[in-house]
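S.K.: Please build the complex by placing chain D on the supplied structure of chain L, with the hints as guidance.
Chains L and D are the protein sequences, given in the same order.
If you want my numbering, it's the 1-based position in the first sequence plus 72.
If you want my numbering, it's the 1-based position in the second sequence plus 85.
Source of the hints: derived by calculation from the structure; they are not laboratory data.
In silico DMTMM-like pairs for lysine to aspartate or glutamate, Cα to Cα no more than 20 Å straight-line: (1) D:LYS430 x L:ASP167; (2) D:LYS433 x L:GLU172; (3) L:LYS79 x L:ASP279; (4) L:LYS79 x D:GLU421; (5) L:LYS79 x D:ASP418; (6) L:LYS268 x L:ASP123; (7) D:LYS433 x D:ASP517; (8) D:LYS433 x D:GLU521; (9) D:LYS433 x L:GLU142; (10) D:LYS430 x L:GLU172; (11) D:LYS545 x D:GLU533; (12) L:LYS79 x L:ASP186.
What follows is a list of derived Cβ distance ranges for each label pair: (13) L:ASP166 x D:GLU538: 43 to 51 Å; (14) L:LEU185 x D:GLU538: 38 to 46 Å; (15) L:ALA209 x D:MET424: 19 to 27 Å; (16) D:PRO461 x L:GLU265: 42 to 50 Å; (17) D:GLN569 x L:VAL200: 25 to 33 Å; (18) L:ASP272 x D:MET424: 22 to 30 Å.
Don't be surprised by glycine CBs; every beta carbon is placed ideally from N, CA and C.
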Amino acid sequence: MNRRPLKIAVVGHTNTGKTSLVRTLTHDREFGEVFDRGGTTRQVTRTALADAEGTLIELYDSPGLENAPELIEWLDRQPGSRHEGPERIRRLFDDRAARELFDHEARVLELLLDVDVALYVIDAREPVLEKYQDELAVLALCARPIVAVLNFTASSESREAEWRDALARVTLHTVIAFDAAVRDPETERRLFEKLKSQLDGFSPVLDEWLAQRWREEDARRRAALHAVAEMLIDCAGLVRTVSDESSGRRGEVRSEIRQAVRRREQACVETLLDLFRFGRETYPDTDLPLADGRWQADAFDPETLRHYGIRTSGYLAAGAGAGAAVDVGTGGLSLGAGTVIGAVLGAGAGLARTAGRNLTDRWRGLERVFVDDATLRLLAARQMELVSALIRRGHGAPGVINPGAGNGFRSGRLPAPLRRARHHPEWSALNGSRQSPSARESAVDALFTILASEIDRPS
Amino acid sequence: MACDGRYDGAWFRFRTKRLPGNDRLTIDDWLPAEAVCLNEERQGRRRDDGAAVAIARTTGDGLGRRIAARAGALDGAGAMRTDIARLRRMMRNAGVGLVVVGLIAGALAARGAIAERQVDILLAASALLVVPTLMLLVWAVLMMVGTARSGSPSLAGSILVAGLRWLGPKLLTSPQAADLTLAGGRLMQTGFGRWFLSTLTHGFWLAYGIGALATLALYFSIVQYDLTWGTTLLADETVIALVESLARAPAALGLMPEPDPAWIVAGREGVLEAAGRSAWARFLLAMLVVYGLLPRAVLGIVSAVAARFGARRLTLDTDRPGYLRLAADLAPDRVEAPMGEPPPKDRKTPRRPRPAHSGLPVTVGLELERAVDAWPSDLPGVESRDLGRADDRDSRLAVEQAIENLKKPPAAILAVCSALRTPDAGTARWLDRLGELAGAPVVIVLDEGGRLEERGVALKHRLADWEALAERIGGDCVMLDLDQPDAAAVARLHQLVHGDGERS
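Extracted from the complex, chain L is given alone in its bound form (with noise of 0.2 Å):
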């Protein structure tokens, strides 16, 4: 198949959000620079898409258009037909003085003469002056097909309608609001479909792009999923045996329990952190639910369950529900070992205690401590609500979270993999155990499956 890669410029106005658009087409947090100030990015900077035989397409980050109003006068000075526009264009790379005069533009002029399709960035806040419309002109003499890119459509002062206009008086049909800070596959993926509707050659090229996309896209819900169900399976396993009468021990052991809770939770949220991209550094915070990449509500402050809609008074119930059945995983021999039979609150907040695992634990008077269902409950939702966001938002700018997410968790009874992790000590990496068995795998499989289904249920 012809793989000539497809060469996309974007251009734009000064402080448009360019590099942002670049930065979100290569989801690479780390491409150029980014500040809300003009003239930040100063040369023209090729990055590669690429998969896994080569690059699929090359996306150049162009300086911003600063002085168009002036270039279109000297271009209209220049001797020769007005209606030969790349010509002219040529003009000004052979003229030192207006060259380094419009040094941006030149650059910028030079780069789409090269290029297979333009994207015009807009900052839809802006009102269609008179230079921006003196930069579509000049573009157009380069010949080269363009989509107008609507930027920070999502903002209040947004006037899409008014530029939708103007830009279809130049005869601009092609736009597409698509919020550049926002990492949203859908917008992404119709930006692409407009593309290939302005070059019919390159949908072979554009068509791989795209599904190249949905697979690390899928890849990375999954791995999500996968990270949130293995960190509820560990949480919902951990156990830790204490004697019934050596108080000062117990309470060693809960906050142990907690501690390990704790880090547990903050491994996952920077494993989602990490496959969504944002990598450890500092990343705009206001749009997730979090703060410097961590949950400020502890786990086991019952606020934080209120907050979550989750009633700890539901648990008992619960529990005699769960303490009914029988222990699968011993043949019903370990006597509600691990379940909660019995189980008592008053362990300290968010845990909960039952007798020892069997017999010989129970007449030597040991104690099992354990995380309780309405701390699992909120584990979950959190994650989910994180994941959720994660999904949903990109770099940047706001977007629709979903809260429902991981609502199903937080009433009823535990899914039916978490319950049976109870049952099982052994599948808990938080235990120390030296093993993986399958069965963790199959209940973990089991929990994704779940959580899948619950992510993409609207609330």
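M.R.: For chain D alone, kept in the frame of chain L given last:
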């Protein structure tokens, strides 16, 4: 390509697997990667991996290899390598141990089968062959059903994996010993692991067969046995047919002469005559070779070859969260150096002094958000002459014209600009030209700062950019929101226009 690139919303139904050819790993690369991943899944990502990530990014391989390169370059990778060498030694020793155990077990089994001087041939043959054959069937079933998860398609394998888990942490010394052991268990679940365990299994039973064969041969050489057969329930013909069919394969291989019904009948218990003694001994030994040793030897070699092949073709499940999270950081640098010549330096106009005999300052509005009719005739605290708005070519020309027509040069040009606009070269050039036309300094009055703040943008940076622009054209900039004039800003504007005192 299998998928059509359509995203139908139900993403979890959409699954394709790809495996680039340059993503194969050896055991020495695979184990550290897996151990690090297991640890990071539990403890969170290592914070000291900057250098390792940088190294991994430069290898042009697939994600799996880059992940392995990172793990191999992390602090403590050396200790892990030492431990992996230990693990290999442990495995080798375990293999040798299994062979020794197999030899002894085979010898004991054979000795048990011929404990008496009179040996029932069929009984002895089944004692030596039934168990290994059953185990062979179990192995075959497990390999076919696919034990990708349990990873121990045999008793020997299970024992080995359990032994590894028990011994591993005791013999390994690196801080990652526990994770390495766990990773070792996972290694046994890979394609390589299954063939490796198969090799061990077949090796064990091969040793068992050899032990038995040697023992039988030894005893048959130096002790005289009466080898007979008998039946209570079956007809003699049935047994003869059975022996004949069993002997066909060994005979075809030349391990014994063609079975002769007369010779078989001669071995019938009670009929006994010792003539067929050595023929029967050879029959027993040949049975052991053909049904015990041969299949194991062949399968052992096949497994060993497959394991050897698999050992260099290990892959990481890069869709696992612990691995996929690294994809972004490890992605090779696809950004190239900026193209073209470096940007020229900004041109700067020297500061313009206020003209000596000046008239009123003039005001001009640029690309303001506020409506034209809401344009104030006067700026607070400064008496000025309004030249109107300059938002397009015509109005700009009109302003230029008006300035040229002034009788006296204005004290200053007050350019009211919007903080909502990003300062650009076009604006700078035009304001510079105005200053030159008028022979007066330009003072940028930055309006609409409040609206910029409503947008959630830091006013500070925008002001700095406008100040930089003012400086480039030899003028000044003052932030003055005309909706809510700030006394200090008004005072500063007054000072800039009328030059009371020294300019700061």
